[in-house]
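Chemist: Residue numbers (my numbering), protein chains in the order written: chain W, 1 to 149; chain Z, 1001 to 1149; chain L, 2001 to 2149; chain A, 3001 to 3149; chain E, 4001 to 4149; chain V, 5001 to 5149; chain H, 6001 to 6149; chain Y, 7001 to 7149; chain X, 8001 to 8149; chain F, 9001 to 9149.
Because the hints were derived from the structure by calculation, they are not lab data.
Even glycine gets a Cβ: it sits at the ideal position worked out from N, Cα and C.
A couple of the hints might just be wrong.
[What the hints assert, rightly or not] Here are the simulated distance ranges between beta carbons:
| # | chain 1 | residue 1 | chain 2 | residue 2 | range |
| --- | --- | --- | --- | --- | --- |
| 1 | X | Lys8148 | E | Lys4097 | 27 to 37 Å |
| 2 | E | Lys4097 | Z | Thr1093 | 52 to 62 Å |
| 3 | F | Phe9021 | Y | Lys7006 | 19 to 29 Å |
| 4 | W | Asn17 | Y | Ser7011 | 33 to 43 Å |
| 5 | V | Lys5006 | L | Ala2019 | 54 to 64 Å |
10 protein chains.
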Amino acid sequence: MQFLTKGYQESTEDVLNGAIFDEDHDEMVIVKDIDMFSLCEHHLVPFFGKVHIGYLPRKKVVGLSKLARIVEIFSRRLQVQERLTKQIAMAITEALKPAGVAVVVEASHMCMLMRGVQKMNSRTITSTMLGVLREDPKSREEFLTLIKN
Amino acid sequence: MQFLTKGYQESTEDVLNGAIFDEDHDEMVIVKDIDMFSLCEHHLVPFFGKVHIGYLPRKKVVGLSKLARIVEIFSRRLQVQERLTKQIAMAITEALKPAGVAVVVEASHMCMLMRGVQKMNSRTITSTMLGVLREDPKSREEFLTLIKN
Amino acid sequence: MQFLTKGYQESTEDVLNGAIFDEDHDEMVIVKDIDMFSLCEHHLVPFFGKVHIGYLPRKKVVGLSKLARIVEIFSRRLQVQERLTKQIAMAITEALKPAGVAVVVEASHMCMLMRGVQKMNSRTITSTMLGVLREDPKSREEFLTLIKN
Amino acid sequence: MQFLTKGYQESTEDVLNGAIFDEDHDEMVIVKDIDMFSLCEHHLVPFFGKVHIGYLPRKKVVGLSKLARIVEIFSRRLQVQERLTKQIAMAITEALKPAGVAVVVEASHMCMLMRGVQKMNSRTITSTMLGVLREDPKSREEFLTLIKN
Amino acid sequence: MQFLTKGYQESTEDVLNGAIFDEDHDEMVIVKDIDMFSLCEHHLVPFFGKVHIGYLPRKKVVGLSKLARIVEIFSRRLQVQERLTKQIAMAITEALKPAGVAVVVEASHMCMLMRGVQKMNSRTITSTMLGVLREDPKSREEFLTLIKN
Amino acid sequence: MQFLTKGYQESTEDVLNGAIFDEDHDEMVIVKDIDMFSLCEHHLVPFFGKVHIGYLPRKKVVGLSKLARIVEIFSRRLQVQERLTKQIAMAITEALKPAGVAVVVEASHMCMLMRGVQKMNSRTITSTMLGVLREDPKSREEFLTLIKN
Amino acid sequence: MQFLTKGYQESTEDVLNGAIFDEDHDEMVIVKDIDMFSLCEHHLVPFFGKVHIGYLPRKKVVGLSKLARIVEIFSRRLQVQERLTKQIAMAITEALKPAGVAVVVEASHMCMLMRGVQKMNSRTITSTMLGVLREDPKSREEFLTLIKN
Amino acid sequence: MQFLTKGYQESTEDVLNGAIFDEDHDEMVIVKDIDMFSLCEHHLVPFFGKVHIGYLPRKKVVGLSKLARIVEIFSRRLQVQERLTKQIAMAITEALKPAGVAVVVEASHMCMLMRGVQKMNSRTITSTMLGVLREDPKSREEFLTLIKN
Amino acid sequence: MQFLTKGYQESTEDVLNGAIFDEDHDEMVIVKDIDMFSLCEHHLVPFFGKVHIGYLPRKKVVGLSKLARIVEIFSRRLQVQERLTKQIAMAITEALKPAGVAVVVEASHMCMLMRGVQKMNSRTITSTMLGVLREDPKSREEFLTLIKN
Amino acid sequence: MQFLTKGYQESTEDVLNGAIFDEDHDEMVIVKDIDMFSLCEHHLVPFFGKVHIGYLPRKKVVGLSKLARIVEIFSRRLQVQERLTKQIAMAITEALKPAGVAVVVEASHMCMLMRGVQKMNSRTITSTMLGVLREDPKSREEFLTLIKN
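Put together the whole structure using the sequences plus the hints.
Modeler: Take a look at the structure:
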């Protein structure tokens, strides 16, 4: 349990400390298929799956493994998937001040299979888009195209 | 038979009772690949497959397993696939007052294979889109992109 | 041979007789992967594959197995693939007066492999779009998205 | 219902009439992936899937489509899968007097998904082996190897 | 929690009551890919996956959905995977007195991914073979061949 | 070598002679996955892969195997992939006067793997679009959608 | 038709002329997935698929494309699949005097789909094994293992 | 180490010397799935994957293997993925003066799996688009469509 | 580097402490697809892949996550793949005194792709079998069958 | 051409120099999917594909990339596939004196597709087994099992 909620003791600042670099790059950077494991705050039942992150840098890029660390900080807490998605997007926005951020989370929820409904195969998808990635449908579509297969 | 039509004794209100939460989230929430089993009202022949649901919340989100429960309520009746699709979409609209709802149902119909035509491999796809998801082609396309594998 | 050309003795009216229902549904209905087998009228050589049908109902829906029957009526004749595609689309338009119809046929032609060229792997795709599905690129794109795996 | 039980009016003799040929061939002949649809006699619930047939001819071979017809005769009845498998094997043995016969049936049973247990993904496999294919483990293994993809 | 441990209130006798039939069949009957969900008794952490069951009948066959029910009885308890596998095999042996029984369980254990080791992709396979299926390597191999894709 | 360059002795006119039919069809006709084999004119090294052809007829359609023959005429020469693509598109335009033509060639080049770079897995894609298929982005997108698996 | 039966004018001797080489090799040589197209002699209906050939050389090996040519000689005739399989095996035995020969043919028969039975997905597998490959079960198994994916 | 950084001793000019040809072609040329291996400059940890390159020629085309060579020049250095992507795009722009260039790099980073985070399955995607491919969303989308499967 | 070699500070005893349970089970227990990452001791170049472990218990079973921990202890050192395989097998033998142990390691070696040979796709497989799993070919074969897909 | 035949200037001794290590390991070591490219000596036509190598060490193991180098030495010559397979096996036997060696080569031959026969999809498989891997059918089968996907 302690391990599953260790996200509370970590902050984005600690994690990103020193891993933000100046790089003359302004096109989308995507890290996809980051494994994620979390606990639903309503019934303490696990949900897990993958996180896909994209951002449009404004001359600042972050070490790639740091994006995975940010996922850890917010998934190792009692969560709902909608909030987890938003918190990851907000944390990246605060740290990098990028032109845009996109986060998509695809997860299986144990509550869908361990209780009465028993829908073994269903998956839940949530997304948060900020900045250019929210306003410009073409960027949004490009992100969605690139995270597929 | 009793089991197959038990949907008549259930209402969306009973099922959703207490499972609607306030959450500051306004991007699309999708639950895909919900297994579905129903009976065609014309020949009492089974049809079954998957339901994909998406909605754009207006600060209200629903417990994910409840969407699967709504599928159960309307599929455990004598149905036609077109009406089933619409009823699921309407029920979600009434319960959550979301900005938009999308429901896609993909099913195999026993009548396509147990009778003369014998088309073993064909599948039927129906959809209902309401609100923003009906009017805004970009949202619609985004939903269709995200439910594909 | 008699079996292969039995489509000449059948009409859409006979087949659809009594299988058109009033249903308050106006979104696209798709039946995909309907197996098809026909004979090329030029060399009496077989071609076969799959038919995908979509239509936008105007309050009238057809029993799903009837769409497969319409495919049978027109494929069990001496044909060319382009005409087969069009005839299926026209027959549905006449019977249902829908807002739009889309038919896509994907087939392997024996003439591509039994004669000199020997292109074992090639497939031919033809399509006919009528009404809204012809004029509105978004509906057309939605149909093409939904018939893909 | 009449269509589903039309197997009762057909006999193997009628179907095979004139389609048994002398051919100097004594190695295994396999027809695999024959689509099958039947009704469980206990609850009148459908089960369907594929039949794989192999036999070791003794100078007599049968027209291939006739093996599919034999599957039709016995599946278009009220059945249990174990008996269906055996009846197909027995019918081939009587008609061809082969050195050996093997029949494997893989099916999905609606009763596994429309009632309480709801195991959408499970499949049932039954087999009957007669003659050399029963006694000689190597022939048996060869048959099982060849029917796999 | 009550739902997850409801297996304690059920017995194999109750479940199989009246669903054992006399059928003249003595070859292997397999039900594969039965979805399973259970709780590890050491840390109350979920594990889930698929159960494959085979048995060699001695003139008695069981309704197929009953095998799925037996899986439910023993998985809806606090378990370890090794014991679950054995209990399913023992229950079938007692009920049907078959010539042999084989049970294979493939499962993902949450403890492998929610705690320190984080091996997201690993799966655990256990098996119990009784009677002929234990002693005769050829039957054993045949069972393993048939449960593979 | 003679075989590989026999394309020089053939002309589109000879090949299409008598295989152009009047057919009242004006939607896209596609033949995809036509196997192709050619020789790079710079190093006489083979390149091979698939050709996808689409055209929008103006009341004239061509026998499908003829499109494969046109591919043969131009690939059985010393070529570069860019020119091969264009020549196929031009030949179809001249012969059929269609409203539009699209040709996509995907090929593996031996020079990418037999020489120093050793990139075993890379493939080269070239395309030529003429008429409506060049000017109308929607037609172009529809063609690209339909040639994908 | 002339093209489809041109196999009658060709003999194995003509084809193999000069393409048999001395090579100190005595382990199995396999050429798999040779495309094949033929005509059933009973109804003049096409059947087509793949041929897999293996042989155990006795110091003589044959140019690989010649094995494909032998397939052509015997498939471009009126055939039944069982005889085609045997003729290919016999021709190789006569030409190379190998220690053993194995031929497996997997084919789809148009008669299974253009006539009443309509089993679109079934395939027929025949095999002929001669010499060591007939007598030694281990060689036979090795051949079957190597021709699988 | 010397091998891994040999890119420093090579220039695009040397590599392309004499391999730029005049060809009357102005549609997109794509070379996809070029294997790439590089070293991250921050921790000297490897990252590797695939590069996809597209350009819109202005009457000048480059020998295809040269594009692979340009990938080698810039990947055999200490790099970050964002900069590698940009350098490849810039080098092609300088050498060919094309109407547009697109470069997409998909890579696995060892730092994501050898250190604490242990995200074995995640991949990073970066892109640089220049000229027409940057400004025209339709060209951009076409490129992204063609590099997918 | 410290992280990559932390295996030296851990012992199997510490890790297994208290996680060995008495369970009346004597059939094979398999944990497959355990992700592994290690460093080759000759050039300090990474190799990584999957470990499959099987053992035949003698009334003692180990907590499943502990097998993954044993993989960590020996892979987080400077290694060669052959030795890593053997050390995992030996550690399990010492801790559990099982009737038999089997360990298979499949890995990609960076040295195969970052240096001259550039074989991007090759993988190395090593195995160690002890006790019954070494001496009894049937157990060995059963293990190999079960770890395959 | 020089590049394609550079294998003549290299010897196994040079390549293996110093890369043979003493390691207490006597179970099979396999390196599979080594890309290979060669030229057929009869028509100077390319053939290419994959090599799978296994050996049973006698206390001596070889650096893994050296096995790939041995493949290079013998494939970069004018060859026939049967001889290439044998030479690789012999070279490993001489260098390591192992208890057994197995080499399997799967290749596509350009001559099968650039000349008359045009069998685009066929592949040729050759193998050489020496020592224990030749005499012991179980080792042979184990090798063949492990090189399959």
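Chemist: Indicate, hint by hint, whether the structure satisfies it.
Modeler: Now the hints, each set against the structure:
1. Between Lys8148 of chain X and Lys4097 of chain E the Cβ separation comes to about 33 Å, which falls inside the hinted range of 27 to 37 Å.
2. For Lys4097 of chain E paired with Thr1093 of chain Z, a C-beta distance near 56 Å keeps the hint of 52 to 62 Å intact.
3. The hint said 19 to 29 Å for the Cβ distance between Phe9021 of chain F and Lys7006 of chain Y, and at roughly 27 Å that hint holds.
4. Between Asn17 of chain W and Ser7011 of chain Y the Cβ separation comes to about 38 Å, which falls inside the hinted range of 33 to 43 Å.
5. Distance hint for Lys5006 of chain V and Ala2019 of chain L: a CB-CB separation of about 56 Å, consistent with the stated range 54 to 64 Å.
The structure meets every hint from the earlier list without exception.
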